[in-house]
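Asks: These are the residues of each chain, in order.
There are 4 protein chains.
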Amino acid sequence: MANSKFEYVKQFEQPDNILPNTWVVVRIDGRGFTKFANKYGFEKPNDKRALELMNAAARAVMAELPDITIAYGVSDEYSFVFHKTCVLFERRSSKLVSTIVSTFTAYYVHYWPTYFPDTPLSPPLPSFDGRAVCYPSVQNLRDYMSWRQVDCHINNLYNTTFWALIQLGGMDATEAEKTLKGTYAADKNEILFSRFSINYNNEPEIYKKGSVVFRDYEPVEPGTHNAAAEADSLAVPVQQSKTQNETDRKRRAKAPIVVEHLDIIKDDFWDRRPWLLSNKPGKIPKEV
Amino acid sequence: MANSKFEYVKQFEQPDNILPNTWVVVRIDGRGFTKFANKYGFEKPNDKRALELMNAAARAVMAELPDITIAYGVSDEYSFVFHKTCVLFERRSSKLVSTIVSTFTAYYVHYWPTYFPDTPLSPPLPSFDGRAVCYPSVQNLRDYMSWRQVDCHINNLYNTTFWALIQLGGMDATEAEKTLKGTYAADKNEILFSRFSINYNNEPEIYKKGSVVFRDYEPVEPGTHNAAAEADSLAVPVQQSKTQNETDRKRRAKAPIVVEHLDIIKDDFWDRRPWLLSNKPGKIPKEV
Amino acid sequence: MANSKFEYVKQFEQPDNILPNTWVVVRIDGRGFTKFANKYGFEKPNDKRALELMNAAARAVMAELPDITIAYGVSDEYSFVFHKTCVLFERRSSKLVSTIVSTFTAYYVHYWPTYFPDTPLSPPLPSFDGRAVCYPSVQNLRDYMSWRQVDCHINNLYNTTFWALIQLGGMDATEAEKTLKGTYAADKNEILFSRFSINYNNEPEIYKKGSVVFRDYEPVEPGTHNAAAEADSLAVPVQQSKTQNETDRKRRAKAPIVVEHLDIIKDDFWDRRPWLLSNKPGKIPKEV
Amino acid sequence: MANSKFEYVKQFEQPDNILPNTWVVVRIDGRGFTKFANKYGFEKPNDKRALELMNAAARAVMAELPDITIAYGVSDEYSFVFHKTCVLFERRSSKLVSTIVSTFTAYYVHYWPTYFPDTPLSPPLPSFDGRAVCYPSVQNLRDYMSWRQVDCHINNLYNTTFWALIQLGGMDATEAEKTLKGTYAADKNEILFSRFSINYNNEPEIYKKGSVVFRDYEPVEPGTHNAAAEADSLAVPVQQSKTQNETDRKRRAKAPIVVEHLDIIKDDFWDRRPWLLSNKPGKIPKEV
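Chains as they are written, first to last, in the UniProt record's numbering: chain E, 1 to 288; chain X, 1 to 288; chain B, 1 to 288; chain R, 1 to 288.
Isolated chain E, as found in the complex (with noise of 0.2 Å):
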């Protein structure tokens, strides 16, 4: 029997390639996760423990694929980085997307019971939706890290004080929503500050930054590179020889893979990191 017959319905596969010579950010979602904080009695605004299991299914996601660059993760959202040059899966949207999205479920499950000991898991399980997204150019890149750095910011701020409200408060959640309408980042501070001593400066920067997450090599000094413009110039592909790679492959490999809650909006974090952009690995740190 052969399967010429129906081999045909491969035609009907269609190509869903990244364009060349840009950033491919894979950004996942959880599904459904208002519900399924309920259900496994999330602290509010923040809980530590689900935080930390999204870091650490993030840090494995990125060690099974070392393309990643850097990632960002706040709430039950997690954007991953491919640099611009990067040709794995042939740069295959679905192929991306779908790797990421299962990898990272597959941690989430299995690292529940770390930090969840009391509460095994039960259907529905935890899942995640993803898409791709590219941009051409560096600062495109930056400005939706900042895009999404920001969006932490201003729902950490309005969920602190919002939870403030009802659990110091005694508001129920209409008369705290009614509070907040129409108010400002600097309306929100006073009220944390005059109503529950609270200095939203203190909370904690996992909170306010959200997760940075990357391989760190010896931050250098900033003004001595010029990685974005570098980076933004490139042509692929790019030309290494195959010493280069394996040089760069056993140095990435070496490089501890960190989790931070840095401001990623203002040039120093980029500047004293030009691996980030350049896709060149720097120097490994001496204590590590």
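Treat the hints with care, since some could be wrong.
Note: identical chains are not told apart, hence a pair may lie in one copy or across any two.
[Said to hold, decoys possible] Quick list of in silico lysine to any residue cross-link-like pairs, SDA-like style, CA-CA up to 25 Å: (1) LYS5 / ARG91; (2) LYS250 / ASP67; (3) LYS5 / ASP29; (4) LYS35 / VAL87; (5) LYS188 / GLU205; (6) LYS5 / ASN189; (7) LYS44 / TYR184; (8) LYS39 / THR114.
Derived from the structure by calculation, the hints contain no laboratory data. Note that this is a predicted model, so its numbers are computed, not measured.
Following the hints, complete the assembly by docking chains X, B and R onto the known chain E.
Replies: Then chains X, B and R, alone, in the frame of chain E:
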């Protein structure tokens, strides 16, 4: 702090909605499963526990996503079919693919200890990639399903013979490969029977036919429905009353999701189950 | 000097092949034709010469591209239909669209002096834009064609009444518009008849129905063929012998290309001309 | 009669907007121009009238579409470049391609009698197909342009030698082809010089370099601008005041559109004309 300055980055998201009025097949495949199977000592040529774990995960996916009408699995792959009228997630390809891949992975990891109680998972964890393909006509869809089942048959006959030569015949892999080179189905049947007294026809159906998962209603007499022609001639959007939709939803929820090992190439399977092509729920079987 | 250094830029071309086994409609529209019509003094509400020039260009397009099975034109737009089995240019969308748009434009400019002998073209010249849309089922395709013909009817009834109010009733554009605001078809018929003794039914068919262009064979008795169901149930690729293909090609080349003004919404038009949906050439009419 | 019943067919139109912040190149090619050139007796290896007709049509396209910043033509092909910030037609690919192809064709047919006064066009008429490709970085764009100009050089040197062997050397096509097989550029130069006393360097620039079309402003001193780096680092949308836009529009309209035959591979061409990459109009030359 307004987020508007960065929000322009949303413009870079490109729509990926699948053409309306076509059948959508999402196929997922295990990533690096040869290595994975070795790590956990999967039996050769087929590991019943591994297949049943795949089937359990597929069943769970169908239970969570009632828009899926039928699924077919073999080895470490599974194909899920959305009816041509389906509008779930506005038919966005990345959303359909990532949701299925993530849900499947979550159950695969979660159910692992049920099927492999003695070998706990450890990193790197199992993961799957996926892609969506769309088919305009019923014939195209059925040819796709036939293609996968023929593939199952071809591979299983080969693997059964290959491993018999090794496990029962004492050959090494190279010898077995050489022995099978250029042989036809009849030759392999003959090798199995004359050398090892194995009648391939008596092998378990799950290995020979793969697994088909669907909602089960009372089968109808072949020839009494013409669901294929009806489905082909459809123009979407289908206009149904809310009452009808609600009734359909309830009947679908009541229908048991079954896993069978049947021939899906011949007409009979489809003729007896018109709901698979019509998307109109049938009668709930009395015994359930 | 080798060209290889720069040839990598070819990788940036992204495939745009249209899904197999679907009907492809390429619709072209005149660019800025309101202004263009004013410049050349087109008659209102319909300019017979301009419509016949459109039809002549469409006829020429069909003669140069035998893969087109039917075309429908109204005002400054024309829709060309490729059969679902068509593989011209590997179904690349930009190639199909640009070829039709270019060929149409060439004939429009070339035939201009035949239809407008006294007003030679001068820059800016007439031009057209185009797009391709694909339809999975015969019903979808016929609904598309019906959509365009209903649009023709609605616009022509409006325009006929609007210009009667101005040209015969002495109104200015604002008064005419106000008079017609909120009126139904019956109202417009009544205005035409009672005020201007115009029976809309007696208006020329080319204005009321638009123009349909196709290869003409001997019509068949309605009910004797079921081309729609056959077309819908097709799986591609269609296997035909070379001899059959050659015979088809010859009969198609012999068939006259006609321009008619018929109802293409009702079944009758399609029932009598099964070759439009089956793509199998009919009998050459004897009188030709 | 309402049209709503059929209007659902509009849903089948799929968006084809090109990724923002990338350079868009629309390349058009003559369809079947070998045959066409024979029909109208084009001179070999180059027909000056035919090339000038192409250039006249390209110039007209640029005059009608001010969003095009530069165009490059050789033989029967032309590439038109839209600046990376261009938002014409919402960057819809089919609209950009079809508009350029149609406008070009209209002028080609319209201007034909100016360049070929003695040989009127007759069906089948000349036509062009087209496609859009997008390039993220200035280097990618310049490499694309270089690719086309190197192609021009390679083909012209080959054709010049090939036709010299035939027209001056008395060979037939087969002999000429055989003579050139495996030769390098230096060999062809030598054949031209030693056998026919032709110094290839003295051949007309239009044949050796092709034609580059652009808006001309006063050239600047190389080294005084860095338009490439500025363009690469851009994030869109570019925020410009209405007044600035209006000023730009006027200066662009005043700038003469020139057709030159220059080296566009080296930096000098681009360094002297920063407006090509920056999209900021320069100074209008005084002599104009």
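Asks: Run through the hints listed earlier and report the numbers of any the structure violates, in increasing order.
Replies: none
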